[in-house]
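Residue numbers (the working numbering), protein chains in the order written: chain W, 666 to 933; chain Y, 503 to 798.
If you are wondering where the hints come from, they were derived from the structure by calculation, not from laboratory data. What you are looking at is a predicted structure, and each value in this text was computed from that prediction instead of being measured. Here a beta-carbon is modelled for each residue, glycine too, at the ideal position from N, C-alpha and C. Misleading hints may appear alongside valid ones.
Result set (DMTMM-like, lysine to aspartate or glutamate): computed pairs, CA atoms no more than 20 angstroms apart in a straight line [to be verified]:
| hint | chain 1 | residue 1 | chain 2 | residue 2 |
| --- | --- | --- | --- | --- |
| 1 | Y | 729 | Y | 636 |
| 2 | W | 782 | Y | 623 |
| 3 | Y | 639 | W | 707 |
| 4 | W | 782 | Y | 643 |
| 5 | Y | 672 | W | 707 |
| 6 | Y | 723 | Y | 713 |
| 7 | Y | 672 | Y | 636 |
| 8 | Y | 695 | Y | 713 |
| 9 | Y | 723 | Y | 631 |
| 10 | Y | 541 | Y | 754 |
Derived Cβ-Cβ restraints for the label pairs, each shown as a range [what the hints assert, rightly or not]:
| hint | chain 1 | residue 1 | chain 2 | residue 2 | range |
| --- | --- | --- | --- | --- | --- |
| 11 | W | 756 | Y | 623 | 34 to 42 angstroms |
| 12 | W | 672 | Y | 778 | 40 to 48 angstroms |
| 13 | W | 701 | Y | 726 | 31 to 39 angstroms |
| 14 | Y | 778 | W | 702 | 32 to 40 angstroms |
| 15 | Y | 774 | W | 709 | 37 to 45 angstroms |
| 16 | W | 736 | Y | 562 | 53 to 61 angstroms |
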Amino acid sequence: MAAIAATLLLWIACFVVAEAWPAIAQVGISSFVADTSWNPTEGLYNLWPMLVGTLLVSLGAVSLAIPLGLGSAVFCQFYAPPLLASLYRRLIELLAGIPSVVYGFWGLVTLVPLIGKLHPPGPSLLAGVIILALMILPTIALTADASFEQVPPSYRQGTEALGFSRWGMVWRVMLPAARSGLGTGVVLATGRALGETMAVLMVCGNVVQVPDSLFAPVRTLTANIALEMAYALDLHRSALFVSGVVLLALVAGLIALAEIVFGREAVP
Amino acid sequence: MTHPFQSLFLNSTRRNLLLGMGFSLLLTACSSGSSADQKLTLTGSSTVAPLIGEIAKRYEAENPGIRIDVQTGGSSRGLADASQGLADIGMISRGLKAEEEGEFQGFVIAKDGIGLIVHGDNPVQAISDQQVVDIYKGEVDAWQAVGGNNAPITVVNKAEGRSTLELFLKYFELENSEVQADVVIGDNQQGIKTVAGNPNALGYVSIGAAEYDIAQGSPIKLLPVDKIAATTETVQDGSFPLSRPLTLVVTEPPMGLTQDFINFAQSEQVHDIVRAQNFVPVSSSLAQTQSEATAN
Chain W
666 MAAIAATLLL WIACFVVAEA WPAIAQVGIS SFVADTSWNP TEGLYNLWPM
716 LVGTLLVSLG AVSLAIPLGL GSAVFCQFYA PPLLASLYRR LIELLAGIPS
766 VVYGFWGLVT LVPLIGKLHP PGPSLLAGVI ILALMILPTI ALTADASFEQ
816 VPPSYRQGTE ALGFSRWGMV WRVMLPAARS GLGTGVVLAT GRALGETMAV
866 LMVCGNVVQV PDSLFAPVRT LTANIALEMA YALDLHRSAL FVSGVVLLAL
916 VAGLIALAEI VFGREAVP
Chain Y
503 MTHPFQSLFL NSTRRNLLLG MGFSLLLTAC SSGSSADQKL TLTGSSTVAP
553 LIGEIAKRYE AENPGIRIDV QTGGSSRGLA DASQGLADIG MISRGLKAEE
603 EGEFQGFVIA KDGIGLIVHG DNPVQAISDQ QVVDIYKGEV DAWQAVGGNN
653 APITVVNKAE GRSTLELFLK YFELENSEVQ ADVVIGDNQQ GIKTVAGNPN
703 ALGYVSIGAA EYDIAQGSPI KLLPVDKIAA TTETVQDGSF PLSRPLTLVV
753 TEPPMGLTQD FINFAQSEQV HDIVRAQNFV PVSSSLAQTQ SEATAN
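Modelling step: build the complete structure from the supplied sequences, incorporating the hints.
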């Protein structure tokens with residue numbers, strides 16, 4: 666099974682690179698960062714603003730979702746009465762099951778007009794960050810919850826015997842003990858944020874530019890592929906596959922980083 | 503359970519996208535290889551292809567044993583393939599040009615009109631073509647400059663490669679790199695929802711889609727272009743300027759299956775499909791003459 670999965674993955678990667686090759690060969694790698702704009706039908710292929718957009722939206726969402734997700738897991742495990750914790754857990758699981766297009770739709774008809782009233786036009790980096798944070802929150806909350814669950818009960822009993830306050834136990838013992846699992850949750854969530862397409866496509870405004878504020882619209886690499894793939898021909902199409910290669914490289918980089926940081930630690 | 507490498511497998515959105523691309527390529531490869539009793543091949547415009555695809559499905563259902571293969575690749579491919587005999591019929595999202603009339607024969611199957619839309623609460627009733635150009639170039643950025651509220655204009659543009667964008671740019675003589683957009687949208691629905699949610703937005707969408715949503719109570723309104731009201735009627739009678747015919751082209755006078763399919767695509771039996779795709783049906787008696795009238 667693992668071999669099949671690995672072969673399939675390799676095949677996809679080869680396919681994406683092969684499709685991207687004509688653009689890389691004919692346009693040249695430098696064009697993808699040095700051209701004046703992204704207007705593929707006019708022969709301009711600057712991907713840089715979209716790479717920045719992808720990174721900003723994802724980083725924003727992750728930094729918003731980490732405190733919320735950890736907070737909710739801590740609440741579930743250490744503060745809430747069992748009945749409430751179980752109800753709350755179901756709620757978070759429900760949140761994880763909502764399709765991304767539904768988040769996007771809600772964002773488009775509710776969140777974006779709200780932001781528009783605050784600071785026009787509305788579709789913006791901020792809208793993308795909020796929607797994505799909501800979407801990856803369950804991933805972080807559930808993995809954090811599961812890793813707290815796996816901390817040996819003796820740790821908790823020990824801190825109680827030593828007279829730790831509840832917050833002291835969470836902060837000094839539980840968080841460090843569950844560190845590896847928490848890190849994995851964050852990596853998973855970041856991966857989902859980088860790859861998310863429909864929701865960000867609907868709320869981010871999709872203007873190709875490096876945003877100058879939280880209220881400026883941005884386009885992500887994934888949104889770029891989804892918006893233009895169906896209508897792209899020849900080099901334009903190939904340039905979209907270059908976006909795909911960049912995304913693959915981004916996620917591979919993320920995994921490599923995670924491997925370095927968490928790789929050698931045993932899971933509790 | 504918590505190995506970081508799993509994120510590569512669990513990141514389902516991107517994986518599905520790439521898998522989908524791989525499989526759709528595989529499917530295309532397979533479908534062009536299979537044979538049937540009688541086969542008709544159409545290639546060309548990505549605007550016309552989805553419509554013809556639906557029409558072909560109905561035609562195949564009514565005529566067992568006939569297989570219709572629809573491929574996209576742009577209007578220019580439609581003409582090239584029809585000319586070289588690679589396709590039985592080419593699909594183009596415009597009328598035939600005068601110099602093409604000699605080689606090709608065109609049959610209009612539907613028309614597509616593009617209307618400017620604003621929010622229903624916007625007091626502006628009409629804007630001139632020049633004002634549209636100025637707004638999209640970013641030279642005018644407030645509604646009061648064109649007789650509206652004291653508010654910034656949210657310019658809604660279409661994503662690169664869409665034929666709606668091409669027609670819009672061509673009519674207003676703009677280059678896409680000149681357009682200073684605040685929001686870039688994909689399909690018509692996204693455009694309508696964006697304008698409905700923003701009282702200061704200006705966008706453009708297919709008139710059929712806009713009329714449908716207005717009938718459903720969406721708070722948007724269509725603005726006239728060049729003083730002509732944007733309705734399916736003005737698109738149908740040819741007076742609305744921002745429109746184009748969706749045309750099937752052949753090199754020789756159609757016979758047999760080709761003729762039968764063209765007749766079917768122009769008949770009233772498919773008007774519901776045409777409307778469902780937000781295009782405007784043309785009656786078959788008008789079709790031939792309109793093809794000639796729009797050739798410029």
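Review point. Within 20 angstroms, alpha carbon to alpha carbon, are residue 782 of chain W and residue 643 of chain Y?
Key: holds, 17 angstroms
Review point. Regarding the pair residue 639 of chain Y and residue 707 of chain W, is the alpha-carbon distance no greater than 20 angstroms?
Key: With Cα atoms ~17 angstroms apart, residue 639 of chain Y and residue 707 of chain W stay inside 20 angstroms; holds.
Exercise for review: Kindly confirm whether 37 to 45 angstroms is satisfied by the beta carbon distance between residue 774 of chain Y and residue 709 of chain W.
Suggested key: holds, 42 angstroms
Practice item. Decide if the proposed pair is consistent with the structure: residue 695 of chain Y and residue 713 of chain Y, CA atoms, cutoff 20 angstroms inclusive. Key: holds, 13 angstroms
Check your understanding: If you check the beta carbons of residue 672 of chain W and residue 778 of chain Y, does the distance land in 40 to 48 angstroms?
Key -> holds, 42 angstroms
Check your understanding: Cβ-Cβ distance between residue 778 of chain Y and residue 702 of chain W: within 32 to 40 angstroms?
Key -> Since residue 778 of chain Y and residue 702 of chain W have Cβ atoms about 36 angstroms apart, the given range 32 to 40 angstroms holds.
Check your understanding: Between residue 729 of chain Y and residue 636 of chain Y, does the CA-CA distance stay at or below 20 angstroms?
Key -> With a Cα-Cα distance of about 18 angstroms, the restraint between residue 729 of chain Y and residue 636 of chain Y holds, given a limit of 20 angstroms.
Review point. Straight-line Cα separation of residue 723 of chain Y and residue 631 of chain Y no greater than 20 angstroms?
Key: Holds, at roughly 17 angstroms.
Practice item. Compare the distance between the alpha carbons of residue 672 of chain Y and residue 636 of chain Y with 20 angstroms, and conclude whether the hinted pair is satisfied. Key: It holds: about 15 angstroms lies between the C-alpha atoms, which stays within 20 angstroms.
Check your understanding: Is the straight-line distance between the alpha-carbon of residue 672 of chain Y and that of residue 707 of chain W 20 angstroms or less?
Key -> With Cα atoms ~14 angstroms apart, residue 672 of chain Y and residue 707 of chain W stay inside 20 angstroms; holds.
Point to revise | Satisfaction of hint between residue 713 of chain Y and residue 723 of chain Y, Cα-Cα up to 20 angstroms | key: Answer holds: residue 723 of chain Y to residue 713 of chain Y is near 9 angstroms, not above 20 angstroms.
Review point. That 53 to 61 angstroms hint for residue 736 of chain W and residue 562 of chain Y (C-beta), does it hold up?
Key: holds, 57 angstroms
Hint compliance for this structure: every hint is met.
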